[in-house]
Each structure stands twice: as C-alpha cells, then as structure tokens.
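Colleague: Each chain, letter by letter, is given below.
2 protein chains.
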Amino acid sequence: MKFTCHKNELAQAIQLVSKAIANKPQTPILSGIYMEATNNQVELHATDNEMGIISIIPSEVEQEGKLVLSGRYMQEVIRRLPGETVTISQEIDENISKIQSAASNFTLLSMPANDFPTVKRLEDGIRFKIQDNVLRDIIKKTVFACSTDEARPVFTGCQMEINGETLKMAATNTHRLSVKKEVIANLSGDLHIIIPAKILNELLRALNSDMPVEVDVCCSSNQASFQFENVVLMSRLIEGQFPNYDSVIPKNFATTVTLDTEDFLAAVDRVSLISRSADYNIIRLEFGGNQVHISSNSPDIGKADEIVAASIDGPAVNIAFNAKYVTDVLKNIDSKNFRFLLNQSLQAAAVREEDNPTFVYIVTPVRTQN
Amino acid sequence: MKFTCHKNELAQAIQLVSKAIANKPQTPILSGIYMEATNNQVELHATDNEMGIISIIPSEVEQEGKLVLSGRYMQEVIRRLPGETVTISQEIDENISKIQSAASNFTLLSMPANDFPTVKRLEDGIRFKIQDNVLRDIIKKTVFACSTDEARPVFTGCQMEINGETLKMAATNTHRLSVKKEVIANLSGDLHIIIPAKILNELLRALNSDMPVEVDVCCSSNQASFQFENVVLMSRLIEGQFPNYDSVIPKNFATTVTLDTEDFLAAVDRVSLISRSADYNIIRLEFGGNQVHISSNSPDIGKADEIVAASIDGPAVNIAFNAKYVTDVLKNIDSKNFRFLLNQSLQAAAVREEDNPTFVYIVTPVRTQN
Numbered sequence: 001m002k003f004t005c006h007k008n009e010l011a012q013a014i015q016l017v018s019k020a021i022a023n024k025p026q027t028p029i030l031s032g033i034y035m036e037a038t039n040n041q042v043e044l045h046a047t048d049n050e051m052g053i054i055s056i057i058p059s060e061v062e063q064e065g066k067l068v069l070s071g072r073y074m075q076e077v078i079r080r081l082p083g084e085t086v087t088i089s090q091e092i093d094e095n096i097s098k099i100q101s102a103a104s105n106f107t108l109l110s111m112p113a114n115d116f117p118t119v120k121r122l123e124d125g126i127r128f129k130i131q132d133n134v135l136r137d138i139i140k141k142t143v144f145a146c147s148t149d150e151a152r153p154v155f156t157g158c159q160m161e162i163n164g165e166t167l168k169m170a171a172t173n174t175h176r177l178s179v180k181k182e183v184i185a186n187l188s189g190d191l192h193i194i195i196p197a198k199i200l201n202e203l204l205r206a207l208n209s210d211m212p213v214e215v216d217v218c219c220s221s222n223q224a225s226f227q228f229e230n231v232v233l234m235s236r237l238i239e240g241q242f243p244n245y246d247s248v249i250p251k252n253f254a255t256t257v258t259l260d261t262e263d264f265l266a267a268v269d270r271v272s273l274i275s276r277s278a279d280y281n282i283i284r285l286e287f288g289g290n291q292v293h294i295s296s297n298s299p300d301i302g303k304a305d306e307i308v309a310a311s312i313d314g315p316a317v318n319i320a321f322n323a324k325y326v327t328d329v330l331k332n333i334d335s336k337n338f339r340f341l342l343n344q345s346l347q348a349a350a351v352r353e354e355d356n357p358t359f360v361y362i363v364t365p366v367r368t369q370n
Numbered sequence: 001m002k003f004t005c006h007k008n009e010l011a012q013a014i015q016l017v018s019k020a021i022a023n024k025p026q027t028p029i030l031s032g033i034y035m036e037a038t039n040n041q042v043e044l045h046a047t048d049n050e051m052g053i054i055s056i057i058p059s060e061v062e063q064e065g066k067l068v069l070s071g072r073y074m075q076e077v078i079r080r081l082p083g084e085t086v087t088i089s090q091e092i093d094e095n096i097s098k099i100q101s102a103a104s105n106f107t108l109l110s111m112p113a114n115d116f117p118t119v120k121r122l123e124d125g126i127r128f129k130i131q132d133n134v135l136r137d138i139i140k141k142t143v144f145a146c147s148t149d150e151a152r153p154v155f156t157g158c159q160m161e162i163n164g165e166t167l168k169m170a171a172t173n174t175h176r177l178s179v180k181k182e183v184i185a186n187l188s189g190d191l192h193i194i195i196p197a198k199i200l201n202e203l204l205r206a207l208n209s210d211m212p213v214e215v216d217v218c219c220s221s222n223q224a225s226f227q228f229e230n231v232v233l234m235s236r237l238i239e240g241q242f243p244n245y246d247s248v249i250p251k252n253f254a255t256t257v258t259l260d261t262e263d264f265l266a267a268v269d270r271v272s273l274i275s276r277s278a279d280y281n282i283i284r285l286e287f288g289g290n291q292v293h294i295s296s297n298s299p300d301i302g303k304a305d306e307i308v309a310a311s312i313d314g315p316a317v318n319i320a321f322n323a324k325y326v327t328d329v330l331k332n333i334d335s336k337n338f339r340f341l342l343n344q345s346l347q348a349a350a351v352r353e354e355d356n357p358t359f360v361y362i363v364t365p366v367r368t369q370n
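Line by line, the protein sequences are chains F and C.
Numbering follows full-length UniProt numbering, with no gaps: position 313 of the first sequence is 313.
Numbering follows full-length UniProt numbering, with no gaps: position 325 of the second sequence is 325.
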C-alpha cells in the first residue's frame with residue numbers, strides 16, 4: 001500500500017483516533033492505529049475494545065492496502081515532519097512501513113493489519129440527526145455529574161432516553177443528579193440506554209467545528225455511534241439499571257434565590273480554597289435578606305467568608321454543600337443568572353438556568369455541626 | 001500590622017518569592033512567606049535556607065509590622081480575590097491574619113514572624129553592575145549544561161570566574177561543557193565561585209522586563225546576590241573544586257561544518273524520536289560532501305534518517321552523540337547558522353555560534369558499533 005496526504009490533516013486525524021487508545025492497551029495491536037487506503041481516501045481506526053474512533057482523510061492512493069503502526073510513534077513523528085505532505089508505504093516485507101516527508105525518512109516496524117479489530121459501523125438501531133450545538137449542550141450539562149467509580153458502572157455514564165420526540169439525558173453519582181431534555185424534530189422511538197462518560201467527553205472535544213454540523217446518532221441495544229463530517233465515534237453501552245431519578249426531584253421548593261452565575265461561582269471558588277484540602281470540601285450558604293453569606297472553615301488553615309447579592313423569594317435558609325457539587329454545575333450553565341431552589345437545610349436543593357426549564361440539577365446537602 | 005496594596009502587584013511578588021519555597025520545606029516556617037510592612041512598602045521574603053528571594057512592593061501602610069502566612073494559601077487566595085486592592089492585617093491574637101478584598105474575607109492562621117529566617121542582603125564582596133540582557137545570555141548559554149545529580153554537587157552549578165574585566169561562566173556534567181565569556185565595563189577582581197543552577201534558572205525567569213534593567217551582582221566567598229528593580233535573589237554557593245576545563249577544549253579541529261541552526265535542530269529532534277526511549281538516545285551524524293546524514297536506529301521501533309545541507313571544510317567525519325547533548329545547545333544558540341567543529345569519530349567536538357567567539361560548547365561523542 002502507498003498513499004500521500006496532507007501532513008496537517010493526517011496529524012489531526014491521528015490525534016483524534018488516538019483518544020481511543022488505552023493508556024495500557026490490553027494487547028499490543030490495540031496500541032496501534034489501523035490505516036486503510038482505498039479510492040481517494042485513507043481511513044484511520046483506533047479502539048480499546050470499548051470505544052472506537054474512525055477518521056477519514058482525502059489522500060492520493062498509489063496502491064490500496066492496509067497497515068497498523070504504533071499510535072504513539074505516529075503521533076510523535078507525523079507532527080514533526082518537515083514537509084507539507086507525507087507519503088506512507090509498506091515495504092515488500094509487510095512488517096516494515098515507510099514514512100517520508102521532504103528529506104525525512106522513517107522506517108517503522110508495523111503490526112499485522114489482519115489482526116486489528118477494526119471499528120464496525122452500526123447497521124441497525126434507532127437513528128436520528130441532531131445539530132452539533134444542541135448535542136454539545138445536552139452532553140455538557142450532564143456528563144460532569146457522572147461518577148468515576150468503576151465499581152458501580154451505571155453511574156459512570158449518562159442515561160439517554162428517547163420518548164417520542166423528546167431526547168433526555170441524565171447523569172448522577174448518587175449525591176447529585178443532572179437532567180437535560182430537548183425536543184428533536186423527526187425523532188421517534190422508545191429507548192433507554194447508558195452511554196459511557198468517556199465517549200461523551202471525547203465527542204464534546206471532537207465537536208469543535210466553527211460551522212454548524214449535523215450529527216448522525218445511531219443507538220442499538222448495546223452500542224451507540226456518532227457520525228459527523230469524516231469522523232465516527234462508537235462505543236459499547238453500559239449494562240445495568242439506571243436509577244429511577246424522577247422521584248428524587250422535589251416537586252416544590254419554598255425558597256427561590258436568583259444569583260449572578262459568574263459572581264457566585266467566583267465567590268464559591270474562593271471560599272472553598274479553605275475547605276478544599278479536607279475530605280468533604282464543605283461550604284456553608286446562608287440565604288437571607290437580599291444576600292447569600294458563603295463561608296468555610298478549617299481548624300488548620302483558617303476561614304473564609306464572602307457576601308454575594310441575591311434576590312430571595314421565600315423563607316431564609318442555611319444549608320451546606322460539597323463546594324465541588326456547586327461549582328461543577330455553575331461552570332456548565334450559560335445564563336447570566338441562575339436559580340437556587342431550596343426547601344430546608346437537609347433537603348435536596350435544585351439549580352436551574354434562569355429562563356430555561358429544560359435543565360435541572362439536584363444536589364444533596366451535607367449535615368454540619370451547629 | 002495593616003497594609004493595603006494592589007492585588008496584581010502582590011500576586012506577582014508572591015509568585016516570584018514562592019520559587020524559593022522548597023517542595024518539602026525542612027521546617028513548617030519555611031513553607032511561609034514573610035511580609036514586613038514599613039514606610040510605604042511591603043517586603044516579601046521566602047527561603048529554603050539555600051536560596052532566598054525578596055520582592056518589594058509599594059503599599060499604603062496603616063500600621064507597621066510583620067507576619068508569616070502559608071505560601072501555598074497566599075498564592076491560591078490572592079490571585080482569586082475579587083477587588084483591585086487587598087488589605088492584609090494582623091488581629092490582636094498574633095496567630096491570626098486577615099485578608100480582605102471587596103466582599104471577600106479570609107482569616108488565616110499565621111506563623112510566628114520572629115522565627116522566620118529572613119533573607120539577609122550581602123554586605124561585603126565583589127560588586128558589579130551588568131545589563132539584564134547580557135547576564136541572561138551568559139546564564140542561558142551555560143546553565144543547561146549542568147548536571148542534576150546531587151551526588152556530585154560541583155556539577156550542579158555554573159562556575160563564575162572574574163578575571164580583570166572578563167566575566168566567564170562555565171558548566172559541565174562531565175560529558176559536555178559550555179563556556180561563555182563577556183568583558184564587563186568597570187569590572188575588576190579575581191574570583192572563582194560555583195553558583196547553583198537553581199538560582200540561575202530562577203534569575204532567568206525573573207529577568208523578564210521589557211525595558212533594559214541593570215542588575216547589581218554581589219559575590220562573597222560563600223554567597224551571591226542579584227538585585228534589580230525591587231527584587232533580590234540570594235543563594236549560597238556550592239563548595240568544592242570545579243574541574244580545570246581548559247584542557248578539554250581542543251586547540252584545533254580538522255573539519256569545520258556550517259549548518260542552519262533551526263533546520264538542523266528540527267532534523268535531530270525528529271530523528272531522535274526513534275532513539276529517545278533507549279538508554280543513550282544515540283544519533284549518528286555522517287558529515288561529507290555538502291550534507292550531513294543524520295540517522296538513528298532501534299531494533300524495537302525502526303529507524304529514521306534525514307539529510308541536511310551543510311557547508312563542510314575539511315575531511316569527512318562519521319560521529320555519534322547523545323541527541324540531547326546536541327539539541328540542548330542548539331536551543332540556546334541565537335545565530336541563524338552555527339559551526340560544528342570536528343576531529344575524529346571518538347574525539348571531542350565543539351559547537352560555536354557563527355560570528356561569536358565568546359561562546360564554546362564541547363561534547364564527547366559516543367562509541368557505536370560499526
């Protein structure tokens with residue numbers, strides 16, 4: 001096989017598919033990037049057997065074929081090459097490949113291409129199209145709430161629910177819950193699947209076009225795929241039963257607080273400097289009058305407190321949270337103001353955007369002394 | 001004590017002096033930053049008992065005094081403060097200090113200021129003034145060649161020699177040697193001292209003014225200080241005998257090669273990708289005709305080779321080096337072209353700037369098979 005392509009396009013494709021290579025690949029071949037040259041293009045594949053990424057770039061193909069090269073060396077070598085184009089070819093000895101660009105020549109040992117578990121596109125399942133910015137927003141507002149504890153797999157992914165025209169995404173680590181829904185034109189079906197946070201985070205990074213892009217989503221009972229432009233991201237789904245979270249979303253709140261998102265986030269971030277090194281990173285919030293008093297306290301370091309202006313409708317409330325559970329959601333809110341919805345000190349609170357009922361975040365308070 | 005100053009000036013001063021705080025301070029007080037408010041200024045001190053840094057900022061001092069606060073928390077807190085100014089004050093209980101900025105209040109436990117080993121300015125020694133850009137260049141072209149092996153302390157610093165009006169700096173790790181000299185107006189004296197690489201690297205970072213700055217250098221038999229604008233960097237010197245390196249600088253070279261600095265550096269960097277993971281990172285250079293052929297080889301990865309145009313005066317030479325010893329020096333050379341000076345394959349080679357005889361770098365080749 002032999003093909004020539006633009007160095008920068010190849011470097012970008014390698015960078016993208018490399019995200020699917022595990023830090024410690026299960027088998028040596030999974031440390032490689034599979035390249036297949038056909039017609040006027042090259043397909044790059046990488047996978048860790050859980051997720052897989054395909055990227056397709058235009059190429060001048062002199063001889064069709066396929067080869068597998070070390071992902072690590074491909075990344076290092078290609079981006080440093082001196083020329084604008086790169087030629088990659090296989091020698092008569094199939095274990096040896098050549099990379100050539102301007103006066104630079106690399107001869108790398110390659111791996112047997114037939115052994116590579118290429119990423120298979122999904123044939124069957126529920127299919128729909130969604131605008132990149134809508135999909136980004138749904139993922140961004142939920143995926144941060146996942147757990148990273150692999151011992152409880154269902155919490156390491158987001159549940160995606162399709163119910164008629166409504167697409168809903170939910171994530172929880174049992175201490176907090178984030179739910180976002182959107183109505184998608186021409187969507188229909190009934191599906192509940194749990195998509196790993198890992199592929200959703202990669203998708204967020206990959207959906208970085210400056211121009212509107214339509215994403216083709218396909219979901220089967222055990223896989224999901226996202227396809228746009230010349231990229232396909234695939235993942236196995238997480239098996240198991242996602243908790244029925246509707247019951248933990250309070251129906252009513254006694255107190256509604258409206259706050260400036262940026263000011264409140266900055267204040268919580270500062271105050272939590274004092275509590276951050278402790279186990280639970282606890283900040284206290286005292287809502288009352290027309291302000292919120294944020295404070296934290298550590299016997300070894302000292303204390304911090306800050307006042308932020310607030311518009312409060314309802315009884316005064318004192319409540320404490322893990323600061324990270326507050327800052328995480330505020331970093332993903334886009335509205336200038338947001339609403340804190342509260343009942344009593346030990347009852348779950350909610351965070352909502354100011355004028356957008358499609359998003360809700362529920363957070364459990366912590367019990368503190370006095 | 002109580003003073004008010006600009007937040008950004010204080011944040012910068014904290015960032016600078018924090019470089020003198022050890023990762024694992026010997027005693028708790030050495031994790032702190034000492035602040036002394038007098039007249040219209042605040043002096044900040046930090047030290048690890050080897051090096052010390054003082055930074056002075058203008059300040060509105062309401063009450064003179066001194067206090068010591070955790071360097072880590074100072075850094076984190078000050079830069080996040082909401083206001084343009086910060087007020088720092090000591091409570092009646094001397095163990096408690098307050099930091100206040102806009103609506104933000106921090107109460108931090110402070111350490112006993114009288115226990116802090118403040119950084120003492122040098123009273124006696126050889127003193128001279130040097131322009132910041134000249135000093136930067138002398139340091140930049142030598143300090144990279146130091147060893148990091150603490151078992152042999154003399155190689156972890158640069159020898160600074162004053163001999164009449166000539167200032168000379170030399171560094172070696174025994175496999176390579178870098179020497180730079182300058183004539184400094186009004187310099188006089190006779191001194192050989194070894195300055196730790198650590199303080200020289202901090203000095204390089206701190207000498208970042210956009211405007212010309214004069215640096216006051218003072219050297220005693222066991223300390224050196226560098227003072228400019230409102231900053232003082234001090235360090236103990238390294239004891240021991242620096243090797244007599246003049247004997248390892250060859251008097252004559254049979255072959256002189258002139259190369260484009262940037263092109264050659266990029267090519268060596270690429271080719272060494274193949275050898276980098278091996279113990280010695282060996283690249284082979286074949287100088288002959290009007291080119292140099294750079295190559296490397298690893299049985300597990302593959303091989304790389306590249307041709308770079310060269311102007312060669314003298315017999316052809318094949319020689320091999322640790323690639324890092326070549327790239328390190330080229331990254332610190334400013335001239336568009338540089339000279340590689342060679343004798344035979346196993347004899348030391350030199351690197352020089354094209355039109356600047358004040359700098360020389362000597363590198364020992366490695367013996368390779370065939």
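Fair warning: there could be bad hints in the mix.
The list treats identical chains as interchangeable, and a pair is accepted whether it falls inside one copy or across any two copies.
Distance condition first, Cα-Cα at most 35 Å in a straight line; then the derived DSBU-like pairs of lysine-lysine [what the hints assert, rightly or not]: (1) Lys181 x Lys2; (2) Lys24 x Lys324; (3) Lys324 x Lys19; (4) Lys181 x Lys66; (5) Lys331 x Lys24; (6) Lys251 x Lys98; (7) Lys98 x Lys129; (8) Lys168 x Lys24; (9) Lys331 x Lys19.
It is worth saying that the hints were derived from the structure and are not from the lab.
Colleague: Are the hints correct? Go through all of them and say.
Modeller: Each hint, compared with the structure:
Proximity of Lys181 to Lys2 under the C-alpha cut-off of 35 Å is found in neither arrangement, the shortest distances being 47 Å within a copy and 53 Å between copies. For a Cα distance limit of 35 Å, the shortest separation of Lys24 from Lys324 qualifies both inside one copy, at 30 Å, and across copies, at 27 Å. Both within a single protomer and between protomers do Lys324 and Lys19 lie at most 35 Å apart by alpha-carbon distance, with minima of 27 Å and 29 Å respectively. Taking CA atoms no more than 35 Å apart as the test, Lys181 paired with Lys66 passes in neither setting, with 42 Å inside one copy and 57 Å between copies.
In this assembly of identical chains, the alpha carbons of Lys331 and Lys24 lie at most 35 Å apart whether taken from the same copy (31 Å) or from different copies (33 Å). Neither within a single protomer nor between protomers do Lys251 and Lys98 lie at most 35 Å apart by alpha-carbon distance, with minima of 64 Å and 43 Å respectively. In the homo-oligomer, the alpha carbons of Lys98 and Lys129 never lie at most 35 Å apart, since the shortest distance is 40 Å inside one protomer and 56 Å across protomers. Taking the shortest Cα distances, Lys168 and Lys24 sit within 35 Å of each other inside one copy (34 Å), while across copies they are farther apart (49 Å).
Proximity of Lys331 and Lys19 under a CA criterion of 35 Å is satisfied in both settings, with 24 Å inside one chain copy and 31 Å between copies.
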